[in-house]
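The listed protein sequences correspond, in order, to chains A and B. Note that my numbering has the first sequence beginning at 1, numbered continuously upward. Note that my numbering has the second sequence beginning at 250, numbered continuously upward.
Mixed in with the good hints there might be a few duds.
[As the list claims (entries may be wrong)] With a cut-off of at most 30 Å between alpha-carbon atoms, the simulated DSS-like pairs for lysine-lysine come out as follows:
#1 K58(A) with K403(B)
#2 K82(A) with K278(B)
#3 K345(B) with K135(A)
#4 K144(A) with K82(A)
#5 K336(B) with K370(B)
#6 K403(B) with K390(B)
#7 K291(B) with K82(A)
#8 K283(B) with K298(B)
#9 K58(A) with K283(B)
#10 K82(A) with K411(B)
#11 K135(A) with K283(B)
#12 K278(B) with K298(B)
#13 K82(A) with K283(B)
#14 K403(B) with K371(B)
#15 K278(B) with K58(A)
#16 K370(B) with K360(B)
#17 K291(B) with K58(A)
[As the list claims (entries may be wrong)] Short, incomplete list of chain A residues facing chain B, as computed with Cβ under 8 Å:
#18 I3
#19 N6
#20 A8
#21 I10
#22 P19
#23 V20
#24 T25
#25 N27
#26 V39
#27 L40
#28 T41
#29 V53
#30 P88
#31 F89
#32 D114
#33 S116
What the hints contain is simulated information worked out from the structure, not anything from laboratory work. A quick note: this is a predicted structure, and the numbers were derived from the prediction, not measured. No residue lacks a Cβ here, since even glycine has one placed at the ideal position from N, Cα and C.
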Amino acid sequence: MNIEINGAKIFARFHTGIPVLGDFTINETLVVSWIVMAVLTLLCIYLTRNMQVTNISKRQAIAEMLVETANNFVRNNTGTRKFDRLIPFVAALFATSVISNLISLTGLRSPTADLSTEAAWAIVVFIMITTEKIKAGGILGYMKGFTQPIPVMTPFNILSELATPVSMACRHFGNILSGIVINGLIYASLAVASSAILIHINATLAQIPVLDVGIPAILSVYFDWFTGVMQAFIFSMLTIMYIANASEG
Amino acid sequence: METQALVTIIPWTFIAQILNLFIQMYLIKRFLFKPVNDILAKRQALTDKEINEAKEAKADADKIREEYEGHMQGAKAEAAQIISDAKKDAQAAADKMIKDAENEAHDIKVKAAADIEQEKKKAVNEAKDEISSLALDIAGKVVEKEINEEDHRKLINDFISKVGEAS
Numbered sequence: 001m002n003i004e005i006n007g008a009k010i011f012a013r014f015h016t017g018i019p020v021l022g023d024f025t026i027n028e029t030l031v032v033s034w035i036v037m038a039v040l041t042l043l044c045i046y047l048t049r050n051m052q053v054t055n056i057s058k059r060q061a062i063a064e065m066l067v068e069t070a071n072n073f074v075r076n077n078t079g080t081r082k083f084d085r086l087i088p089f090v091a092a093l094f095a096t097s098v099i100s101n102l103i104s105l106t107g108l109r110s111p112t113a114d115l116s117t118e119a120a121w122a123i124v125v126f127i128m129i130t131t132e133k134i135k136a137g138g139i140l141g142y143m144k145g146f147t148q149p150i151p152v153m154t155p156f157n158i159l160s161e162l163a164t165p166v167s168m169a170c171r172h173f174g175n176i177l178s179g180i181v182i183n184g185l186i187y188a189s190l191a192v193a194s195s196a197i198l199i200h201i202n203a204t205l206a207q208i209p210v211l212d213v214g215i216p217a218i219l220s221v222y223f224d225w226f227t228g229v230m231q232a233f234i235f236s237m238l239t240i241m242y243i244a245n246a247s248e249g
Numbered sequence: 250m251e252t253q254a255l256v257t258i259i260p261w262t263f264i265a266q267i268l269n270l271f272i273q274m275y276l277i278k279r280f281l282f283k284p285v286n287d288i289l290a291k292r293q294a295l296t297d298k299e300i301n302e303a304k305e306a307k308a309d310a311d312k313i314r315e316e317y318e319g320h321m322q323g324a325k326a327e328a329a330q331i332i333s334d335a336k337k338d339a340q341a342a343a344d345k346m347i348k349d350a351e352n353e354a355h356d357i358k359v360k361a362a363a364d365i366e367q368e369k370k371k372a373v374n375e376a377k378d379e380i381s382s383l384a385l386d387i388a389g390k391v392v393e394k395e396i397n398e399e400d401h402r403k404l405i406n407d408f409i410s411k412v413g414e415a416s
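Based on the provided sequences and hints, a complete structural model is requested.
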């Protein structure tokens, strides 16, 4: 039995003729991303509907809790209130990541199973880190930072600087992709195992992958739920930590 | 259906995802953070207002209590004043009454003494008259002769007045 794990499906392709950028494609990643955005936005609107100052509903309590959690997350990890303007960004990053990771439970393909998504996020974070560093030490201070502690270290410092977004993107992508690969392998192997058992009873019955019911759900607690939430958390955590460190110069 | 490579970066998808992230950030800010922060700010304002109102109410209550205590002190002083005035008045009235009574008693005593004196005089005079007429009668009987009554009377009166002075 062969199993095949493919990249995102391409629904439409528009030829642009622009070099480097190539053709614009409407693919699964983008479509599911829009679904995720719609889900998140509708959730926000639903949670903040009919807000009251006193005698609040459960919905409002959840909304307030989410905002408080985001505030505390950023404030506790940076130790100051200097980065309060970043709270919506970090919240958006975390929420998008979590919903993107978990949407695979509905059978859709996670947008985070496409390296383009994580690369996009990591580049945004990288630009923010660099901006903070330049703000803290000036252009010269930023340049000079690469020659520390001795000038010979410059290439390694540049490499480690570039490694930040690459490692962030690849860590997240790798975890989600590995989840997909392992899930595919488990489904396939359990189908093989159930047909091997049922062939002794009846040949047609052997076509039904009995073992695929239930068992993958247990495994998905780790590969989808745990990994999905964990990677989102790690990505947001690293974002805020790197930016906080950068501003210290 | 056509699929893209498993591990690849599609430039347009990359750009679109950057834009999506910022759009998502705006949407979350607009639909979650803004309303919740507004509500939190409102609640904060309400709490502050209530605390201030409570403080004001307490200050008012303190003021009223002070006023009340002041009034109570005034009332107590006034009551003491009234009582002491009343006592003074009563004392004065009592004193006056005693004095009046004393005066009256004195007057009565004086009058009584005068009356007694008067009566005494009257009695003495009456006795004088009686004695004189008795003496005349006796003398008349003794001498059996009517002497000049006028001379006699004069004589006897002289005698009596001498007796009265001696007594």
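### Message
Does K283(B) sit within 30 Å of K58(A), going by the straight-line distance between their CA atoms?
### Response
OK: K58(A) and K283(B) at ~19 Å, within 30 Å.
#### Entry: Proposed interface contact between P19(A) and chain B, which counts if any beta carbon pair is under 8 Å
10 Å, violated
### Task
Would you check the hint for K370(B) and K360(B), treating anything up to 30 Å between C-alpha atoms as holding?
15 Å, holds
### Query
Should the interface hint for L40(A) be scored as holding, given a Cβ-Cβ cut-off of 8 Å against chain B?
Holds: closest Cβ of chain B sits about 7 Å from L40(A), inside 8 Å.
### Task
Using Cβ atoms only, decide whether T25(A) comes closer than 8 Å to chain B, and label the hint accordingly.
At about 7 Å, which falls below the 8 Å cut-off, the nearest Cβ of chain B leaves the hint on T25(A) intact, so it holds.
### Query
Given T41(A) was flagged as interface, is its beta-carbon under 8 Å from a beta-carbon of chain B?
With Cβ-Cβ at 5 Å, under 8 Å, it holds.
### Task
Have a go at the A8(A) hint: is there a Cβ in chain B nearer than 8 Å to its own Cβ?
Constraint on A8(A) satisfied, holds at 5 Å.
### Interface hint status, V39(A) versus chain B (Cβ within 8 Å)
Hint on V39(A): violated, closest Cβ of chain B at ~11 Å, above 8 Å.
#### Entry: Restraint check, 8 Å cut-off on beta carbons, for S116(A) near chain B
Holds: closest Cβ of chain B sits about 4 Å from S116(A), inside 8 Å.
### Task
Using Cβ atoms only, decide whether N6(A) comes closer than 8 Å to chain B, and label the hint accordingly.
Given a least distance of 4 Å, the restraint on N6(A) holds.
### Message
Min Cβ distance, V20(A) to chain B: is it shorter than 8 Å?
### Response
Where the cut-off is 8 Å and the nearest Cβ of chain B is about 7 Å from V20(A), the hint holds.
### Query
With 8 Å as the cut and Cβ atoms as the points, is F89(A) at the interface with chain B?
5 Å, holds
Checked against the numbered hints given earlier, the structure breaks hints 1, 3, 5, 10, 18, 22, 26 and satisfies all the rest.
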